[in-house]
Amino acid sequence: MQTTLVDLLTSAGLPDPLAHVIRALVPCVLIIHLVAVGALVFIWLERKVSGRIQDRLGPTRVGGRFGWLQTLADGIKLIAKEDITPGEADAMLFRIAPYVSFAASFAAWLAMPFAVGWSGLDMNVAVFFVLAVLGLEVFGVILAGYASGSKWSLFGAMREAAQVVSYEVPLGLCVVIPVFICGTMNLTTIGEMQRGFATNWLIFHDPFTFCVFWVYITCGVASVNRAPFDLAEAESELVAGFHTEYSGLRWSFFFMAEYGSMLLVSALAVILFLGAWHGPIPIFSIGLGWTDAGGILGYLASLAGCANLILKSSLGVIVMIWVRWTLPRLRIDQVMTTCLKYCVPLASFCFLGALAWQAWIPNVTPASLPAPFGIDRAAIRESWVTRAGGPHATVSDAQLTPQTASPVPTTLATQSVPDRNIPVAGSTAPIGREETP
Amino acid sequence: MAASVADQRVIEFDVRTDEMLVNMGPQHPSTHGVLRLVLRTDGEVVSEVEPHLGYLHRCAEKIGENLTPRQWVPYTDRMDYLAGMNMNLGWALCVEKLLDHNLSDKAKHLRVIIAEMGRIASHLVGMGAYGLDLGTFSPFLYAFREREKILDLFEEACGARLTYSYLTPGGATADLPEGWLDKCSAFLDQFEPVIQEYHALLTTNSIFIKRTANIGVMDAEMVTDYGCTGPVLRGSGVDHDLRRDGEEIYTEMYENYAFEVVVQKDGHYPRDHTYPPVPKEAVLGDCWHRFYVRMLEVVQAIDLVRQAIERYRSADGDWGIPIKLTQKLPKGEVYLETEAPRGQMGFYLVSDGNSIPRRVRARSSCFCNLSVTSDVCRGALLADVPAIVGSLDVVMGEIDR
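Here the protein sequences line up with chains H and F, keeping their order.
1 is the number of the first residue of the first sequence in the numbering used here; add one for each residue after it.
1001 is the number of the first residue of the second sequence in the numbering used here; add one for each residue after it.
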């Protein structure tokens, strides 16, 4: 996509820098719409779901049926509201803070692939980038809490700082496991390696990934400040926490950031554990064979994959909504205890377990499916690298292509070399041992 | 568990921290109206809590000295506005005690039905609002869903949904309408199984237990010293309920009714075999026990209403014709406490022989219950403050009057 668009523009007579700028703007615009429209939809969904959970109807009128335009109406209301900066506030920081939060949540999307080649920026360290940028969101919150000049806001910011920074440790540990199983930090490759039936998804790779998925979900919910970990905005204790003093559009930016991050965290879960853009039954890749067909069919397959990813991520968000309207809130010390005494040890244990599994039982995984499906993760990965390779192939990927397969750069990957040293796609299938469903 | 203040100072001796004075309320989502708590905090640890009252003071007692007892009934509604019927009852009985007015059996059973339904409605709000204090919104709406049905019944009986003025000195303003008892029984049959859902959502929820068990522990001595009453008293294991231990004019209403005071004895609550067991983290007198006592009192009230409905159907006599609006009061003074949902609500009346009392005073249960706050919250975490104050279930209308 990157090459074609720029090539197309330059061949149309545009100067090269301008072509690159336009090429950069396209994903930005698309992603900002995804985050904004996503927030719109999820806020509406949250109201409807919480309404149904609580024996209410939720919005019913705006937009005809189901109140589907309610969020838009609220958005217009928020824009029309007076923008208040408290007298005690540090005005500049107070104004910047919501945008810092939103920008973090938005920028992390740049590295998220929606299908093969469908990403704002195809990064070979996408996992790292997403986590790092998502972590920046906390700055917006701390700034908001500090700059508001309100004691309640300060409490919220303190809690957020403690909580989010702590939860990044187990979150990172959880994310590392799919990374070393796949031997890459490139999200597109991780996604492509889960092609095939649902058994090929990394959550079913071994017992440890299955376990760590739930740890990831817990930490993900905590890192985006959703109930039962919504301590930074605990309304019964801190009024509204860090956004107590915010109103109107600035407040809505915090809101959008929250929903953007929710979707991001669950999209990351989908890519890392739940087969990314692959459905449980490989209709497009194996059934119809469109995925590799290229052209319009390949495009259609990618479109379906993108819809698949968004659908699965939305389900994750619905689970978060469901949890929020069911559970009471934990106390700050209990939140920290959950992190340090349960999540970190559990994630570490799973990390070591998955490592051992990868080193000693590399073939006894559902991932090594028999030949008829032609599914072999290593082969898929290499074929993808070859296909997407060329001038834009990343360094680490290039090192892993068959020609330069050894030495493998990291020690982690070394342990899984036996898994990799099998012929490329199209030749014989790996010899699997007993299948464990 | 939160460390005590003294411990905190030792731990943070090297890193000097400043204490912060924060105002929780009167405009705060979790202070149940207009309670203002001034907290002195060191980080998340609260070292001092001082409740400030008076934001809802409406001179009700003074007004009572300018109105006849029946005219003052609406002012009692506005004291504990979540249990208006029980407030009416307390005042009505107080005036009747002065007048030495005798009620028919039917009127007494009617009052039991109404008072216990009021107790259910009030504890439902207490339960739901406690969920809000702990950050869960849904139980609040489930509680209100059931409360609406009780309010519908009350509306049918007296025309009002919040400030009823239904029970008045002499009896009640009207008899129960036809078919009301059947609707009431139908409601109870529908409602009783629902209680298990509340237990599943709150009482046995592990996060709920974590937030309430062993938090805000008050022993029996402390609650009696502070004059706490109602579920707060019984939640600390003191076996005292005015429906059984009160003055005769009140207890004769509950004569021959089968009910057990909800209090933990030998580690067991009455009927706790049908309801979830006490978790091992819970300590007698903590927030969890206060909450649980309320939940069991709802079941107890259901039983009482069922019995009262049976008796009301077969009782003779009138439903209790109210006294004249300007009835002359005999000279004298009288004080009577009744068991309102939140504790013992006392009314004091001095008459110099006119139809208008010389003095009217009310003793608020919530006032005494709230007075423990600064003692219990000392050294607690900030998030425990709403948990503790919520478990006391205060209504500011009653405290400030």
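In short, the hints are calculated from the structure, not lab data.
Worth double-checking, as some hints may not be accurate.
Said to hold, decoys possible - Simulated restraints on C-beta separations: (1) D1042/F with R95/H: 28 to 38 Å; (2) L57/H with K1331/F: 37 to 47 Å; (3) T337/H with H1052/F: 25 to 35 Å.
To be verified - Mimicking SDA-like on lysine to any residue, the simulated pairs with C-alpha atoms at most 25 Å apart in a straight line are: (4) K48/H with L1141/F; (5) K1331/F with N1066/F; (6) K77/H with Q1027/F; (7) K48/H with V1125/F; (8) K1210/F with K48/H; (9) K341/H with T1204/F; (10) K1280/F with T337/H; (11) K1149/F with K341/H; (12) K341/H with I1207/F; (13) K1210/F with V344/H.
Since this is a predicted model, take the numbers as computed values, not measurements.
Here a beta-carbon is modelled for each residue, glycine too, at the ideal position from N, C-alpha and C.
Hints, verified against the model:
no.: 1; hint: D1042/F with R95/H: 28 to 38 Å; verdict: 31 Å, holds
no.: 2; hint: L57/H with K1331/F: 37 to 47 Å; verdict: 59 Å, violated
no.: 3; hint: T337/H with H1052/F: 25 to 35 Å; verdict: 34 Å, holds
no.: 4; hint: K48/H with L1141/F; verdict: 15 Å, holds
no.: 5; hint: K1331/F with N1066/F; verdict: 16 Å, holds
no.: 6; hint: K77/H with Q1027/F; verdict: 24 Å, holds
no.: 7; hint: K48/H with V1125/F; verdict: 24 Å, holds
no.: 8; hint: K1210/F with K48/H; verdict: 30 Å, violated
no.: 9; hint: K341/H with T1204/F; verdict: 23 Å, holds
no.: 10; hint: K1280/F with T337/H; verdict: 20 Å, holds
no.: 11; hint: K1149/F with K341/H; verdict: 45 Å, violated
no.: 12; hint: K341/H with I1207/F; verdict: 16 Å, holds
no.: 13; hint: K1210/F with V344/H; verdict: 20 Å, holds
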